[in-house]
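Chemist: Listed below are the residues making up each chain.
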Amino acid sequence: MAILEVHEIRKKFDKEEILKGISFNMERGQTLSIIGSSGSGKTTLLRCLNFLEVPDAGSITVNGDVLFFANYSKLKEEEIRKNRHHFGMVFQQFNLFPQYTALENVILAPKLAAKSKDEIEEITENGKELLRKMGLEDRMDNYPHQLSGGQQQRVAIARALALKPDILCFDEPTSALDPELTGEVLKVIKELAKQKTTMIIVTHEIGFARDVSDEIIFMDGGVIAEQGTPEQVIDNPSNERTKQFLANYLK
Amino acid sequence: MFANVTLSLLEGFLGTLKLFSLTLLFSLPLGLIISFGSMNKNLVVRLPIRFIIWVVRGTPLMLQLLIIFYGPGIFLGVNLWGAGDSGRFTAALVAFVINYACYFSEIYRGGIQSIPKGQYEAAAVLGLNKGQTFFRIVLLQVIKKIVPPISNEVITLVKDTSLARVIAFYEIIWEGERFIKSAGIIWPLFYTGAFYLIFSGLLTLLFGYIEKKLEYFR
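Residue numbers (this note's numbering), protein chains in the order written: chain A, 30 to 280; chain B, 111 to 328.
Calculated directly from the structure, the hints in this document are not laboratory data.
No residue lacks a Cβ here, since even glycine has one placed at the ideal position from N, Cα and C.
Among the hints, erroneous ones may be present.
Partial list, computed: chain A residues near chain B (C-beta under 10 angstroms) [unchecked claim]:
hint, residue
1, R113
2, Q122
3, F123
4, N124
5, L125
6, A138
7, A142
8, H174
9, A191
As a list, the in silico DSSO-like pairs of lysine-lysine whose alpha-carbon atoms are at most 27 angstroms apart [to be verified]:
hint, chain 1, residue 1, chain 2, residue 2
10, B, K240, A, K41
11, A, K146, B, K240
12, B, K227, A, K41
13, B, K227, A, K193
Sequences are here, hints too, so could you generate the full structure?
Modeler: Written as structure tokens, this is what we have:
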């Protein structure tokens with residue numbers, strides 16, 4: 030069974046339709062990359078999955094549970110918060126909380142949801158373990174402003190993982206980084222892919238998307254123009270727009 | 111003589127301090143409530159609040175003191191404040207609290223609105239509710255942003271308390287002026303300046319300390 034089924038998602042801002050009916054499925058353990066030029070709607074799609082935007086139409090189903098069905102449900106704040114537990118989100122601008130250390134950033138949300146003291150201890154241990162995996166064992170007690178962009182983004186990834194989401198989403202995770210810092214973040218994401226973390230990655234790093242993804246979606250003008258394996262979409266694109274886009278990229 | 115004057119002025123300064131501290135005690139939290147009102151999505155809430163802020167910030171505090179003290183008696187025929195010094199004090203306190211709460215509310219609003227949207231979104235995707243987002247994420251960042259403008263207002267308040275003598279509230283200037291009539295000397299009035307200066311100096315140190323304490327993050 031598909032872990033995520035997205036059906037006919039539509040979203041308008043003012044009068045402009047940004048998403049014109051997006052449908053796709055993904056399997057557990059897969060890495061899906063969404064590529065496309067700016068304004069193609071890929072970030073909006075990701076934000077719809079995280080309920081940072083509410084779609085105007087369509088449905089979102091995770092593990093067979095319908096989280097969102099536009100024609101029939103108006104979501105309450107409480108429901109939206111529950112739905113979000115399925116998704117983790119890593120932002121382009123990291124959005125770490127500046128007044129908390131790296132470790133505190135990671136464990137804040139699970140701690141607030143914890144019910145007992147024992148649980149909090151476990152959460153703290155888990156948070157440290159996650160930061161260790163991100164190669165940040167000696168940075169746990171640093172505040173965000175004391176960290177480089179790449180380190181901040183790795184803390185943000187650990188923070189998202191700490192809630193054990195079904196699907197981890199990345200919104201252009203390296204776009205705000207200096208070129209020499211993107212590598213360390215991409216390496217971490219690659220490692221997660223190897224461990225069969227279910228991920229959706231919106232990215233401009235075409236080469237990276239090809240290496241890491243099981244599936245690629247190319248979006249253009251609010252629709253999915255082409256979808257398939259990296260070999261299909263990036264190496265042998267059939268759609269004219271995909272070819273154009275990739276040609277501009279490789280130049 | 112100097113010791114005598116100093117003691118008298120200290121007594122007057124107690125009045126100043128009382129008005130100062132109680133004004134802060136009530137106007138700081140009231141300002142927060144007003145700022146939420148002024149940011150409310152609903153026009154029916156937001157517009158009247160913005161109107162009140164405009165009136166309060168757009169008219170002299172001295173005039174507000176007079177209206178609040180004399181207004182109920184003149185326009186409504188009720189003696190709201192009761193007789194005597196405690197009535198004057200209550201009226202002065204009400205005027206100051208309303209005035210400062212409006213100023214504080216605008217500082218809070220600026221602080222709250224300056225928090226990047228990404229902070230709210232990060233909190234949202236982590237499943238924090240509105241209360242947790244405000245108290246755990248936003249509040250301390252806002253406090254850090256507003257300490258300098260708040261400290262400005264607080265120091266202004268120290269000196270503004272002297273306006274309350276327009277409704278015969280007893281404070282340090284009043285006490286200083288008394289010596290002109292009773293002893294024919296004017297230096298005690300000038301001397302009151304030293305009290306203001308020392309007190310606002312202490313406040314400056316206090317706020318500097320708070321700013322320093324919040325320097326651990328950016």
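Chemist: Now, for every hint given, state plainly whether the structure supports it.
Modeler: Going through the hints against the structure:
1. R113: Hint holds; A:R113 Cβ to chain B Cβ min 6 angstroms, cut 10 angstroms.
2. Q122: holds (5 angstroms)
3. F123: At about 8 angstroms, which falls below the 10 angstroms cut-off, the nearest Cβ of chain B leaves the hint on A:F123 intact, so it holds.
4. N124: holds (4 angstroms)
5. L125: Check passed: Cβ of A:L125 comes within 8 angstroms of chain B, closer than 10 angstroms.
6. A138: holds (4 angstroms)
7. A142: holds (7 angstroms)
8. H174: holds (4 angstroms)
9. A191: holds (9 angstroms)
10. B:K240 to A:K41: holds (26 angstroms)
11. A:K146 to B:K240: holds (24 angstroms)
12. B:K227 to A:K41: OK: B:K227 and A:K41 at ~20 angstroms, within 27 angstroms.
13. B:K227 to A:K193: holds (24 angstroms)
No hint from the list above goes unmet by this structure.
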